[in-house]
Every structure is written in C-alpha cells, then in structure tokens.
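Heads up: the sequence lines are chains A and B, in that order. Residue numbers for the first sequence follow our numbering, so the first one is 31 and each next one is one higher. Residue numbers for the second sequence follow our numbering, so the first one is 0 and each next one is one higher.
To be clear, the hints were calculated from the coordinates, so they are not data collected in a lab. Every residue gets a Cβ at the ideal spot worked out from N, C-alpha and C, and that includes glycine. Just so you know, not all the hints are guaranteed correct.
Just so you have them, the derived chain B footprint on chain A, three or more residues with Cβ under 8 Å [as the list claims (entries may be wrong)]:
(1) 40–49
(2) 121–134
(3) 173–187
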Amino acid sequence: MSFITVNNLWKEYGDLVVLENLNLSVKQGEFCTLVGASGCGKSTFLKMLLGQETPSRGELLLEGEPFPGEPDRNRGIVFQRYSVFPHLTVRQNVLMSLELEQRPWLGKLFGTARRKALEKVDAMLTSVGLEASATKWPHELSGGMQQRLAIAQSLIMRPRVLLLDEPFGALDPGIRKDMHDLLLKLWQETGTTIFMVTHDLKEGFYLGTRLLVFDKVRRDPHDPEAFGATITYDLPIGQADSKLLEDINDSVAQTARHQAA
Amino acid sequence: MRLINRHPGRVSAILLGLLPFLLIMLIYSLASQERLAANPNDKLLPGLEQMTAAVDRMAFQEDRRSGDYLMWQDTTASLQRLAIGVGIAAFLGLIVGILNGALPLIRANLAPLVSALSMVPPLAILPILFIVFGLGELSKVMLIVIGTAPIMMRDVAQRVRELPGEQLIKIQTLGANSWQVITRMVLPQVLPRLIDAVRLSLGPAWLFLIAAEAIASTEGLGYRIFLVRRYLAMDVILPYVIWITILAIVIDQCLRFANRRLFPWYNAGGH
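Next comes chain B alone, as it looks inside the complex (with noise of 0.2 Å):
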C-alpha cells in the first residue's frame, strides 16, 4: 500500500503524537543526569527535583523581599496586558476591518494605510512607545495593539470580501440598507471569523508581550525569565516557558470551543 494511504488508528495516533514529547523529554533528563552527576551544582540542565523545588518556591512560597506569590503576581501582569493589547486590537479589527470590506469608498481611502501599517516591524518602533507612552502599562498594551491589528484588520476585511456577491445582493432585494446590511448580514458572519484571527494573532501577541517585559518592567513572565538569566536560574527559566505554553494551549481552546458554542452554524459548514 501506497504510504499516503495508511492511515494510523485512534490509538496509535495518540502514541504517534506522544512520541516526540516522550522523546525530547528522555534526551533531556539523560543529559541533565550526566551533568549533574559531574557536578551537583549544575545550572544548565536542572533536573525534576531543581525545578519542582523552584516552582514551589516561585508559586507557592511568599517571597521574602516582598511578600508576593511571585509566579502568580507575574502571570496576573501577563495575562492583564495580553487581554487587554489583543482585546483592542481585536476590537479595532473589527471594526475598521468591516469597514474596509464593506464599504467601497472606505476601502479606497483606508486599505492602503492598513497595508502600510501592517509591514511596520512592531519591535522597531517600540524606542517610539516607550518614548511617547512611558514606560508603564500603556507602552506594553500599544505594542500588542500595534502588532496585532493591522493584520485584524486586514484579515477581517478579507473575510468581508469573501462572502458570496449573491448574499449582498438578496439582502438588498429585502429592502436593507447599508446600515442593516453591515449589521444583519456582515457583522453576525464575521464574528467567528474575528474569533479565528485572534487565535491566529496570539502566537505575535505573546512575543511582543514578553519583548516588552524583558525591556522595561517590574513584574511579568517575560520580566521574570530575563531577570533571572542573570543568574543562570534555567530551573526557573525552564518551568515558566512550560507555563507560558499551557497557557497559550488553554487560551487557544478555549476561544476555540466559544466559536463552537456561540456559533453552531459556523463550524458545522455552514459557510
């Protein structure tokens, strides 16, 4: 049989796609053995005790100086600033992005500002936030705003575009006018479109957030892996990116499972 028609069972998919995981994590504690068992004061590669012991300390222990459970204090300021960035950006995307699909004369005047907008590299003109906003909260927000929305926009527009022309005309045989077409026809049909980009936009949204932290801040996920880099702290480095990633996984599904929920006719192709 041809290899592209063999398929793996239920159950040999799920050892399939353990497999990596299984793998990278045995390369890396035999490794981490080695080393440690030449020297027990290895920082490199930690072991499970080392970063058993640091997550307990970083999140369930207060700290001495401050008296914060710091991975929490550090995950709160995150999550803050991700909801906060990507909900306006989304928001904006929204908006701007309806606009642009559906109104001609909009288009013409705003699109190619958005495509302008969008090739700016984010990281580049953080200097130009931290300058104009401080270095407090609002920088960090504008950076994810600025990074997420234009393509928001731009995604949101095409997917405008993309419903069918005999859709805009029938609505118009009804009597609608333009107001009503945007709210009745286009806006309910975009919506788990916009839930989509924003999923796809978490990936940047997460980077821009952490290059923010690491620049310029007190508290963060981001803050905290580079202030303890100098100290070559990997069993709390290493711990805080697992748990940046489960986060990413659970935010990930969950707006997954509200776009089924809220959008039954949208998942079962109904588009």
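Same shape as in the complex, but just chain A (with noise of 0.2 Å):
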C-alpha cells in the first residue's frame, strides 16, 4: 500500500473548477516537487494535504485513512513568510514545539525536562545553521535564516510528511542555493515525506525525487474558469531530457498567459 494516495480527487468553488481529476500514489520518503503556472492548484493541493482544505469529489487518503480535516502534528509546514512566530527568540521557537507536546495545559518547560529539550533545540539549530542566532528575534534574522528557523521548528516534530509552500520564493538566488543544500541534507537525514510547491520549475527539476507538473489539459477560451488543472507530467528526476524539460516550460508559460489574459 503507498503512502499517500489520491483517487480522482475534484476541488471546486462554485462553479471555478480548480483540479480536476487528480491520480496519484506517493511512497514513503519521497521528495515531490509541484510546479505549474499560479492558479493551476498547487497550493490548493498543498492545502488539502495540509488539512486546510477538503476535496470536493475523490479520495486523499494517508495509509489507507482519509487526511484529518484539520493541520495536525504529522504534517509540518513551511510558508513562503510569516511562519515563525515574531514575540519568540529563535530558541525559544524552536523550543515552543516540544513545550506544546510535552504540557497540554501549560506550555511550558521548566528544569530538566527543559535543559533536556533545549539539548535537543541546540541540536536542531546547529543542524539548520543556526547557532550563532539563538538567542536574537525573527525580525534580527534575514529572509533565508528565518526560512532555516520555520524549517527546524518544522523538523524538530518529526512530522511524517513536510509541506513547503514556495519557501525559497522571497529569496535571493545565491541564498536559495544555500536552502537547496540544507534542504536535501535534512531529507536524507530524516527521511520525511517532503512536497514543495516552487514557481521555479529549474528548482522543482534540480531538487526531489520527483516531479508533478500541474496544468491545464483542456482549456475554453471563453470560459478560463470552466476546466481545471491536473497533473500532467509525473517524472522521476534525473530522466528527464532537457528537450522534455521545454515542453513543459512552454506549455505551463502558454498556461500562465491564458490564465492572465
């Protein structure tokens, strides 16, 4: 049985089509990336895997159950900003995770289950390259080090699947370079489940496992809103041709252009 799987899932609102469709069977331990042009329902996707949202038609099932309908600790996230809470030193965020486990009622560690927990905090940072940033707020912290402290909060879980959504997105590109490392480095320690949705499809070729291109298959031109996106490309990375990586660059552009225009 996979891990993850998806039965002829539909996501509508009203009468706007979002996925229409959707077949998939994830293994443990896979990295999918998901690209495609905005409005073709990654992050709708994302979301239903999150809890955030439910299918409208079809199943979505973890190991043969359907996903809780609400964010849980097994599915950790990472957004594109705001996921670190800003009245929280980086320790303490971190830190926070496990106080939340550990004390239903009053959320906080104190003595040695704390110098035990902070153990395991320092860990995590030092693993995500944050040591030297333990004890200073999120907004003292660039783009890319508040991404490393949402990934360790993250992380520090153990979560069985980890959702990125567009994490490396406000990002500059040498900085991103830097994230990719760390990210793939935390994959192969984990092993956690990871699916990231990236609007840079060189990111979505370069990293993961896996590929799933979200697009369009059949299109009105009257009507954007009557069909909605499926997955049209499922590949294993590493086998794709470069010739094969322009069709699709072309057909999510010639996407994105419909979609805007």
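Relying on the hints, combine the two individually framed chains into one complex.
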C-alpha cells in the first residue's frame, strides 16, 4: 500500500474548477516538487494535504485513511513568510514545539525537562546553521535565516509529511542555493516525505525525487474557469531530458498567459 | 524645492513645536495683564501670581475646614478611580477580545452584543448607574468601565484576527490545542496591542471620570473644578486643567515606555 493515495480528486469553488481528476500515489520518503502556472491548483493541493481544505470529490488517503480535516502534528508546513513567531527568540521558537507536545495545559517546560528539550533544540539549530543566532529575535534575521528557523521548528516534531509552500520564493538566488543544499541534507537525514510547491521550474527539476507538473489539459478560450488543472507530467527526477523540460516550460507558460488574459 | 520635501532639522523641529505653546502663553498673559490693569480683582483671566497663590493654597497648605491638602486628595481620589476603571476595562477587553477574535463560535455569539454595547453613549446611562450603584465610588468606576471596555474588546478582537493566518496553521502543525494556541500564540502577541488600546482609551476614560465627579462626588479633580466654578475661581480651574493634562501625558508616556521595555520585539518591527 502506498503512503499517500489520491483517487479521482476534484476541487471546485462553485463554478470555478481548480483541480480535476487528480490521481497520484506517493511512497514514504519521496521528495515531490509541484510546479505549474499560478492558479493551477498546486497550493490548493498542498492545502488539502495540510487539512486546510477538503476535496470536493474523490479520495485523499494517508496509509489508507482519509486525511484529518484540520492541521495536526503529523504534517509540518513552511510558508513563504510569517511561519515563525515574532514574539519568541530563535531558540524559544523551536523549543515551543516541544513544550506544546509535552505540556498540554501549561505549554511551558521547567527544570530538567527544559534542559533536556533545549539540548534537542540546540542540536536542531546547529543542523540548520542557526546556532550563532539562537538568542536573536526573528525580525533580526534575514529572510533565508527565517526560513531555516521555520524548517527547524517543523522538523523537530518529526512530521511524517513536510509541506513547503514556495519556501524560497522571496530569497536571493545565492541564498536559495544554500537552502536547497540544506533541505536535501535534512531530507536525507530524516527520511521525511516532502511536498514542495515552487514557481521556479529549475528548482523543481533539480530538487527531489519526483516532479509533478500541474497544468490544464482542456482550455475554454471564452471561460477560463470552466476546466481545472490536473497533473500533466509525473517524472522521476534525473530521467527527464532537456527537450522534455522545454516542452513543459512552454506548456506551463502558455497556460500562464491564458490565465492572465 | 517642493514644500512636501522640506524637512526641519532637529533643533528647528523642537522650536517649531514649542512655538504654538509660547504663542498661547503670550496672548494669554497680554490679555490677562490688560484686564488686571483695568480691575486688579478680575477673576476671569488670573495672572501667574494669582495662579501660583491658588496652587500654593490648594496643594501645599492644609485646608482650614478639613485639614487636608486638597489638591493631593483630589488627585489620589481621581487617579484611583481611573486606575480601577481602566484596569477592569482592560482586563475585560483582553478576555472578551481574545475569545471573540480567536474562537468563531464565541464570535458568532458575542460580537454583535459587543458592537451594540459600544454604540450606547455611556453618559446617557450615567443616571442608570447612579440609580443602580448609588452615588459612591462604584458608579463612577462603572461609568469608566462601560465607556471604555467595549471599544477595547473590539480593538483586541480585531488585533487577534489580524495575526497572520500562516501562524495559526503553523502552530496547529506543531500539535497545539485551542488552549495552547490562545496562551502561547495569541495572548503574548496581543498584550502589547492591549497597552496601545489602553493608551487610546485614556482620553475617553478621563472624560467619563470628570463627568461622573462633576455630577456626584465629594472629592476628585473634576469635582473640584466644578465646585469652584461657582466662585468663578479661574485661578484654581486653570492650574487644575494643566495638572490633569500633565497627569494624562505622564501616564501615556509610562505606558509607552512599559510597552517598549516589556515587548522589545513589538516596537522593533517584529510584528
């Protein structure tokens, strides 16, 4: 049985069809990158995996069970922005994850339990390269550092699925490269299943084990909302040749122009 | 250079800021001198001499009848009412505001009531307060509470709803239950905003305090002003008004300072 199964999944908002007839099967430990034009349902699909949205029709299963209807600790998330807590320092941000888990009422740890938790926190901070910034406030960090913190905060919970919604979209190209290396390293260490939405097709071709292209197969020139997007390409990364990548690029660009028109 | 692009320097900004105060003082003292020259017993525009004499009498000499220092007695009475009233209002504002902002079920239940209550003119129900709570301290404190709490409730609820949705999702993926979301994410981020809301409410709070004291009281800054009005005692009224203004500024600045010290992340653009 596959880890995550998607059967004939549709998502509609009234007359607007976002996703149509999605089928997918993902094994544990895969790193899927989701690419496609804006409005092609990548983020909607991610939100369904997160529990923020529910499918209109079809099945979305985690090990054969329907996905819970609200976010929970099995699924970590990193957004493009605002996913760290501004009122806590870097260390407190990561520590809070453990405190929430161990103290349902107080939400705080003291004494030995706190010291033990802090050891884990510091190890986590070291592995994302934030050990020198442990006592800083989030607003004192650069964009890339904030994303490192958001990743650390999620990963310390050892989520079964890590969801990334354009996590590096707001970062400089040089920083982005560092973040790719970090993400691949953490993925290899933890073996978490990762879904990453990205605008950057090259990022999609380079990272991960599997590339999912969201695109519209059918287009109605008079009614751009009539048909939804689906997965048009499902490629193992490394096997795609440059001609195919160009084709995908062209098709996605065409959809994007069509959406904008 | 366009006017919108011309900025004053440090010193000239301070001077420009002082100028209106100096002008008002100048105009007042000229007018006062003129009237006093015509009639040395004029009461409407007392000079500096009369006012310092009045302050000396009110603040630094025992009252002949009661043996109290009236101005300090008035000040402590008024500040006590203000502190209790605003304190209760802030507490209610925090609790109801957070519940309204964070829990959709409570919001559906309570938000319309809070909106309606905030539209009731508080002074219109002052007679009801006097009837229900009597003429003592309670009715004055209640007026401040009723006048300022609904607005703080709405303000806090609005601030809670302005917290980024990403944070709310994120903390749920860290396994937080509703209680933890409120105590570890919402409450600490709303506290500095509550202090801002209190600062804004202090103006109305003073208004309600003085109104209540003017109508029924035996001590207090508002009581004194309205009492000496009968004798046209502008030499007491003007220093009292200036004193109230100074108190209001000091309280406001103390809250601002506390906000900066207690929540360093808030004022450094961390929200």
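Hints and how they fare:
1. With 0 residues having a Cβ less than 8 Å from any Cβ of chain B, the region 40–49 of chain A misses the three-residue criterion, and the hint is violated.
2. Counting residues of the region 121–134 of chain A whose CB lies closer than 8 Å to any CB of chain B gives 6, so the stated coverage by that chain holds, three being the minimum.
3. Coverage of the region 173–187 of chain A by chain B holds in this model, with 4 residues showing a Cβ closer than 8 Å to a Cβ of that chain against a need of three.
Hint 1 from the earlier list is the only one contradicted by this structure; the remaining hints agree with it.
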